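Colleague: The hints should help you fit chain B onto chain A, whose structure is shown.
Each chain, written out:
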Amino acid sequence: MISVIPEIGHLALLLCLPIATALAVLPMAGAAASWHLLQRSGPLLSSGLWLFLAVAFACLTYSFLHDDFSVVLVAQHSNTALPSYYKFSAVWGNHEGSLLLWVFILASWTLAVAYLGKSLPPDMHARVLAVLGGIAVGFLLFIIFTSNPFERNLISPPLEGNDLNPLLQDIGLILHPPLLYIGYVGFAVAFAFAIAALIGGKLDAAWARWTRPWTTVAWLFLTVGIALGSWWAYYELGWGGWWFWDPVENASFMPWLAGTALIHSLAATEKRGVFRSWTVLLAILAFSLSLLGTFLVRSGILVSVHAFASDPTRGMFILLFLAVTVGGSLLLYALRAPTIKPLATFKLLSRESWLLINNSLLAVSLAVVLIGTLFPLVMSALDLGSYSVGPPYFNKLFLPLMVLLMLFMGVAPYLNWKHNRLTPVLVRPWYMVSIVALGIAMLAVALLSQRYVTQWRFGAFITVALSSWLLLMTLTHAGLKARRFASAKNSSAWQGLASLSRSYWGMVVAHSGIAVMALGIGLTSSYSVQKELAMSPGAVADVAGYRFVLEKLEDVKGPNYSATIASFGVGRLSDGTLVKGLPIRLQPEKRFYYAAKNVMTEAGIHGRLTRDLYVSLGDSLEDERWAVRIYVKPFIRCIWLGALMMAAGGLLVVIDKRYMPRLPVRTDAPSDTVASKEQAVV
Amino acid sequence: MNARLRLFIPLLIFAVVALVFLTLEKRIGSGEYDPSNLPSAMLGQSVPAFNLSRLMDAEQVVDAEDIVGQAALLNVWATWCIACRAEHAYLNELASQGVPIFGLNYKDERAAAVQWLQRLGNPYRLNIFDFKGSLGLDLGVYGAPETYVIDAQGIIRYRHVGILDAKVWREKIEPLGLQWAVAQAQGAAL
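If you read the sequences in order, they're chains A and B.
With this note's numbering, the residue at position 349 of the first sequence is 349, and numbering never jumps.
With this note's numbering, the residue at position 31 of the second sequence is 713, and numbering never jumps.
Here chain A stands alone, though its shape is the one from the complex (with noise of 0.2 Å):
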């Protein structure tokens, strides 16, 4: 029986495009002409949009949970053995089917746009959801015609698939691509919102607080898909490393570090009308560099296990689109981004100066990582010879830039808009902080030299110092603005701090977020402990003050791979004996998946907050030995705590009564020192 499902799906989606190419068209049209019918025709358009694009969604992974093996793309990436849900992700686990799960969310975000944007002037809605359709005929037009996900293969359909790759079956990889696509796509609007600007010819505070809440969603979502790839790269890789600078990690980590500018030059530029020249090119910068992933991991130039099986012909379609949306976005920015200098004025100290600064740092990182990723392409290019360029420069460059930005972080929040000057009041928080971040660096790093028994590490002490500075910077500040209300108000300590808006506790749990993000970078680099041997069942391994005992292999058969486990006791050593028995399991395992021929790795974890306990299986020798890693890394899980609690700000700063977009439009408020739910909304 031939399913008719995949042709349904398909007709959805070619019926996507003429309507998007309305809706790239028709509202544009109408805010230049001032026609308002026209105008208005975006949400509707949004919506015929969104819905065919759902069907022809919901109609590929209808094809995918049936097996139905006529589709080419299920024969090729998905197999009868899978387990359901991998069959649900294995539609995005593919070139063509994470295309339309990207588009789909561009859909999505379109629709959300065309409904809660009602608020925004009617122009700039009709423009913003115009360019949004544009980007949606780009890409879907890339689909159709070079991508399909529905090619189908009627004339000898296989009996069974291909299976998905099997580093892709895993919970982490169902997860990671959708929320990183919600944040790459999301960046999409900014983007919109900044075209839409730049044509309307209206660039002010008012365009600053319409765009900034669909811009932190944007990068909450980015900040936690990118964290999800990291973590995910720890447990399945099998070596311990949560971060390679991978070409496509980068494709990925630029966009975020664009976005973070982006959010705080937003903020200055709703809060006084500075920096709109900044704030525009960041916002195309932003998308720009998100094309410029999809390009890297699509075209064909890199050879990465990020990077799909494509080829040229597809990079060049990429690459006309990227030429048509960024160099066109750019043009149109150097014609039109206002070149006349705001009213406002900032001295050297203030907080206009220090985001300024921010934002200069932050682009000076950008560059850092853009270069360091395009300069192999560059030099295969001209064919000047093969580099790579690794973790060494990376890490060289960035690392001190971020320690000039956590340092820069730490005072920012103390700085009022435009003047401040330096008194005693303002800066005495500032060295007893300081003093006492040293002291906890002190102990901490004594602590952990005596724990994991090394010399004084110098790195950790600046790390620790550093980190805990900015954590109680944040937080004191947070306590003397609460104090300060609280005498205002003749209220109590705890009124004073819930009374502090829910922006400002989001920025206060995303700049501790990077403290403790860069806590856990810092000491496991420092402390991480690791140790390579063969054990056969009955081998001991001491490391870092844990006994590691195999205790047995045994194979067994998963649904679609058979595997060998090692059963792991671990407990704790004090003074060479063990503590209290072996209460820790483990169990790593190797895997051999049939239908891919694989070979994979799944390690053993124990997580703490405090250190990790991590096994991985090897080669297998000869007689039952195996080739074992043993890892035991200190504090690492505060690496992606850190990145969860940034995400956490910021959706503390979008649920703010100030910026959610439903709210009828506010006039400026006066500078924030004196944040208040009696705030009354105009």
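Don't read these hints as lab results, they were simulated from the structure.
Just so you know, these numbers come straight off a predicted model, no measurement behind them.
Here are the simulated distance ranges between beta carbons: (1) N684(B) <-> A344(A): 20 to 26 Å; (2) I695(B) <-> I357(A): 20 to 26 Å; (3) N684(B) <-> G459(A): 45 to 51 Å; (4) N684(B) <-> R608(A): 56 to 62 Å; (5) V698(B) <-> S536(A): 56 to 62 Å; (6) Q455(A) <-> A746(B): 47 to 53 Å; (7) L497(A) <-> V698(B): 49 to 55 Å; (8) Q455(A) <-> A731(B): 42 to 48 Å.
Result set (DSS-like, lysine-lysine): computed pairs, CA atoms no more than 30 Å apart in a straight line: (9) K531(A) <-> K814(B); (10) K341(A) <-> K418(A); (11) K531(A) <-> K396(A); (12) K854(B) <-> K708(B); (13) K552(A) <-> K789(B); (14) K341(A) <-> K202(A); (15) K854(B) <-> K789(B); (16) K202(A) <-> K347(A); (17) K118(A) <-> K657(A); (18) K531(A) <-> K789(B); (19) K557(A) <-> K789(B).
Virtual Cβ for every residue (Gly too), placed ideally from N, Cα, C.
Modeller: Relative to chain A, chain B alone:
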């Protein structure tokens, strides 16, 4: 610089970057550049000297002279290499069509390797048992499977990393224009 002109800088940078990508894509399209092609320091060099035992007979010693003299493949393989199993059928096919294939059994166990060949077929004219990986080191072997194409003068002409299949033969090895002895005379489709 004029404030307006400064704003054109990002566009300019983008234009340069786009040009780089365009060049790259064109070069990949024309086949001049293959990102997955790992260069070999040994290209254009003769097969390095070595003195190792044969896989099948530990007493017999082989050296470079034994594998040089005609266009041949030197295939690096091992029983611990899962992908080698996938490639093996094609090697059997090539051998049956007269292509000389020499094996470099890399960091493997003799007994397991012999058993493997007995079970899966032996396409190799001769198998070098490189337990320590010393010849592999001299050749610049990353891992298995890898195949070196050697011409009649003993010069390494091409190095393929990964599974050898018909596509690789057609696209990478055939264009080298070497005389493959028996196969070409028969006009066999490889």
